[in-house]
Amino acid sequence: MDSKPSKARSAGGETKRIVYNDDVVRWFIAASVVFAIVGLLVGVIVALQLAFWQANVASFLSFGRLRPLHTNAVIFAFVGNMLFAGIYHSTQRLVKARLASDTLSKVHFWGWQLIIVAAALTLPLGFTTGKEYAELEWPIDLAIAAIWVVFAINFFWTLAKRAEKHLYVAIWFYIATIVTVAVLHIVNSLEIPVFGLKSYSIYGGAKDALVQWWYGHNAVAFFLTTPILGIMYYYVPKAAERPVYSYRLSIVHFWALVFLYIWAGPHHLLNSALPDWAQSLGMVFSLMLWAPSWGGMVNGLLTLRGAWQKLRDDPVLKFFAAGVTFYGMATFEGPLLSIKSVNGLGHYTDWIIGHVHSGALGWNGFMAAGFFYWVVPRLYGTKLRSPRLANTHFWLGTVGILLYMISMWVAGITQGMMWRAVNDQGALLYPNFVETLIALRPMYWTRLFGGTLYLVGMLLMAWNLWQTIAGKKPVEASVEVYVEPATEQPRWTELVFARPMIGAVLAIALVVAFGVADVIGAITALFLAVLIGVGTIFLGQLFHKEGKPTWHRLLEGRAMIFTVITVLAVLAGGVAELIPVLVVKPAEAGMKHLQPYSSLELEGRDIYIREGCYVCHSQMIRPFRWETMRYGDASRLEDSIYDHPFQWGSKRTGPDLAREGQKYPNLWHYKHMTDPRSISEGSNMPPYAYLLDGKVDFSLTNKKVSAMKSVGVPYTDQQVSASAADARAQADVIVKDLADNGATAAPDSELVALIAYLQRLGRKNVEPTSAAPSAQRQDTR
Amino acid sequence: MLSQMFRQLFSDNPLTAFPSVGLAIFMTVFAAVTVNVLRRRASSYDEVAKLPLADEEVRHER
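Top to bottom, those sequences are chains G and H.
The first sequence begins at 1 in the working numbering and counts up one residue at a time.
The second sequence begins at 1 in the working numbering and counts up one residue at a time.
Looking at chain G on its own, in the form it has when it is part of the complex (with noise of 0.2 Å):
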């Protein structure tokens, strides 16, 4: 390939020369470095308030406000600037055509700027739709959804202008990337707008629970792991000087992971009232992950053969090197925590946390910073200021990350056996939540301690490429090319009437058959699938020429037919998973009893999400009896069915809410709001007194009960119009009682509308009341 100029010199062929453009690589890395540090930054912060509750210093940079910030800014902010630099600057390089468009470059650079400046500015302040690495309001989801749009036109436009036809390994993940984030960010985005920057999700409860781990999954699996896979065998062969260790492995593990990922969603939700089935396929799926995850890791790690003794000097091949072990290590502990026992212990604990960063740390970090030492001096025609001090950043961040994986797993693991631990009679050993999370104040320092060193490595990285460019400019990169004269391509019916497809089509038939067929039927139908399977493979071979390219290798030189192919790879899994949830009705009967939310824990509920509770504080008690005992009776479908968005949670820092009303009275509640150490001592929950402040805007309050009705929560024409005095009635209900206990609150007081809600959790079958237990149980805290 790389004598195709010279081929075409000495045939007098024609070259033609390309000058890439670098500019927009250069800016998004720029950005990426500035984001890592704040998105680093700000995980140090939130792990401080994790084991140091006096850093909750102000509401909008409390722990629940701020996590969401950290998880933005890492995900989209860090790594997506450093994948979008990648792609853009491989891409080039890999089809040898510069970017189609400078404009478009230009305006994907700074929309992706703007927002995650808005992201900046929002979440803090309390905007947010409260579903997990999608927090971002209506407004900034439809810019995310333009600035997508922009970045595919300008990546397949400029695939269209290329002059090496091939399309290597890495365009397909980049190509898997641009069109499965983009489903799925429109699916899992769908909300109704209330007004300004406040919106409820379409889906409601378990609905919205699959289509928010279907998402939150596969941003994982489609932003932070194929684009990163591309930029792996793109750049580990360019480092190591020498080709990807296994081709033929890379075109199995695309076509795996792009059909397996996209089905794995479910397993963020084993042992939940989500349909057994879809748990049951969310783990099957998970666990075969293993198999191209770690095909891929070992493509990766193999690609280095012949090159170990280089790691000992050199910074980027290190960084890669361990970079593809955390893959490999992430990937095997996924599918680990996939397994339903295994899920059963870890689920809801910081051993999630730990295997989260294991994964964001050190595969995506690693991977970013081995890129940047890699391509940075090349940008600026130089030398590495320092490849001391980029080794030392590496140790740095080996071993914090390694501090904050091991005191997560420990921290982990011990959580989750204190909350199943049980004495010789049967009752909990250690009934006080509080008690759970004390035992794990050590494992919150060590991580601290990580985390920071891991800060502490990056600052270091933007130090060593701030001074390696410092006085520099930037180079331009061209390469002459060979354009190939106009030669008849295969037809797209010639591709996709070919006999691989119509082999294949006809095989999935007769197995779809073997599945609802008689006895009879299905043994011929699977009979004939194996046939038809083994004799396409069998014609294959027969009439295929020497020389001339086979059916998938013509399909790697077509952009358009591959991608529609993925798209299709992709959506099989969602369609599947999804449709069957999402159309199925709950059984009237059961329905029949419930009661939506009234408008006053309506707008509890609204600030129980801004204030994001829901980080800290699951509302799904699983089937274990260790749960049942502690928090009551295991959750059920309906119990979140007008829950718009679902309030589930992925994490238990504090107890499961999903019965909590009427558990305590409402001064218990006003008491630990205010100062939870009042209430429960050891406790690291950020205090809430300013809620006290706070006033509910009830001018509001009928387009939010009027939204919740659009979405099929089923308020009357009534209960709409009537909302705004509903609260005020149920509000002065709350307020009375509090004030019989010689408490005061306003009744347009948020901490009364957040009481209102907290009492209603679990109560579906009620009407709204405000009557508080008559004596206060046993604390449980």
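Read the hints as simulated data drawn from the structure, not as lab findings.
All values reported here derive from a predicted model rather than from experimental measurement.
Glycine included, C-beta positions come from ideal geometry on N, C-alpha and C.
Please note that a few of the clues may not be correct.
[Claimed, not checked] The calculated DSSO-like cross-link candidates involving lysine-lysine, where the alpha carbons are at most 27 Å apart (straight line), are: (1) G/K695 - G/K663; (2) G/K310 - G/K238; (3) H/K50 - G/K165; (4) G/K473 - G/K106; (5) G/K198 - G/K651; (6) H/K50 - G/K383; (7) H/K50 - G/K161; (8) G/K238 - H/K50; (9) G/K238 - G/K165; (10) G/K340 - G/K651; (11) G/K472 - G/K238; (12) G/K16 - G/K473; (13) G/K16 - H/K50; (14) H/K50 - G/K310; (15) G/K651 - G/K671; (16) G/K198 - G/K695; (17) G/K16 - G/K106; (18) G/K472 - G/K383.
[Stated by the list, open to error] Some, not all, of what chain H presents toward chain G, calculated at C-beta under 7 Å: (19) I25; (20) A32; (21) V33; (22) P52; (23) E57.
Fit chain H to the supplied structure of chain G, relying on the hints for placement.
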């Protein structure tokens, strides 16, 4: 027997056939891709695998 098994599987909700069909599609395509790739000699991919190294890039100041 098989039809009984499937009837029982889908008795609660016939829509659960969707994931089963999806699984069948995945298994078929995965098997086809794997066989298709592995029956070719590794060396036939050498030229493609070297694409990242095919760099005749010239760098110059602007």
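Here's how the hints hold up against the structure:
| no. | hint | in the structure |
| --- | --- | --- |
| 1 | G/K695 - G/K663 | 26 Å, holds |
| 2 | G/K310 - G/K238 | 13 Å, holds |
| 3 | H/K50 - G/K165 | 14 Å, holds |
| 4 | G/K473 - G/K106 | 20 Å, holds |
| 5 | G/K198 - G/K651 | 24 Å, holds |
| 6 | H/K50 - G/K383 | 25 Å, holds |
| 7 | H/K50 - G/K161 | 21 Å, holds |
| 8 | G/K238 - H/K50 | 10 Å, holds |
| 9 | G/K238 - G/K165 | 20 Å, holds |
| 10 | G/K340 - G/K651 | 17 Å, holds |
| 11 | G/K472 - G/K238 | 24 Å, holds |
| 12 | G/K16 - G/K473 | 25 Å, holds |
| 13 | G/K16 - H/K50 | 22 Å, holds |
| 14 | H/K50 - G/K310 | 20 Å, holds |
| 15 | G/K651 - G/K671 | 24 Å, holds |
| 16 | G/K198 - G/K695 | 17 Å, holds |
| 17 | G/K16 - G/K106 | 25 Å, holds |
| 18 | G/K472 - G/K383 | 11 Å, holds |
| 19 | I25 | 5 Å, holds |
| 20 | A32 | 5 Å, holds |
| 21 | V33 | 5 Å, holds |
| 22 | P52 | 5 Å, holds |
| 23 | E57 | 5 Å, holds |
Violated hints for the displayed structure: none, as all numbered hints are satisfied.
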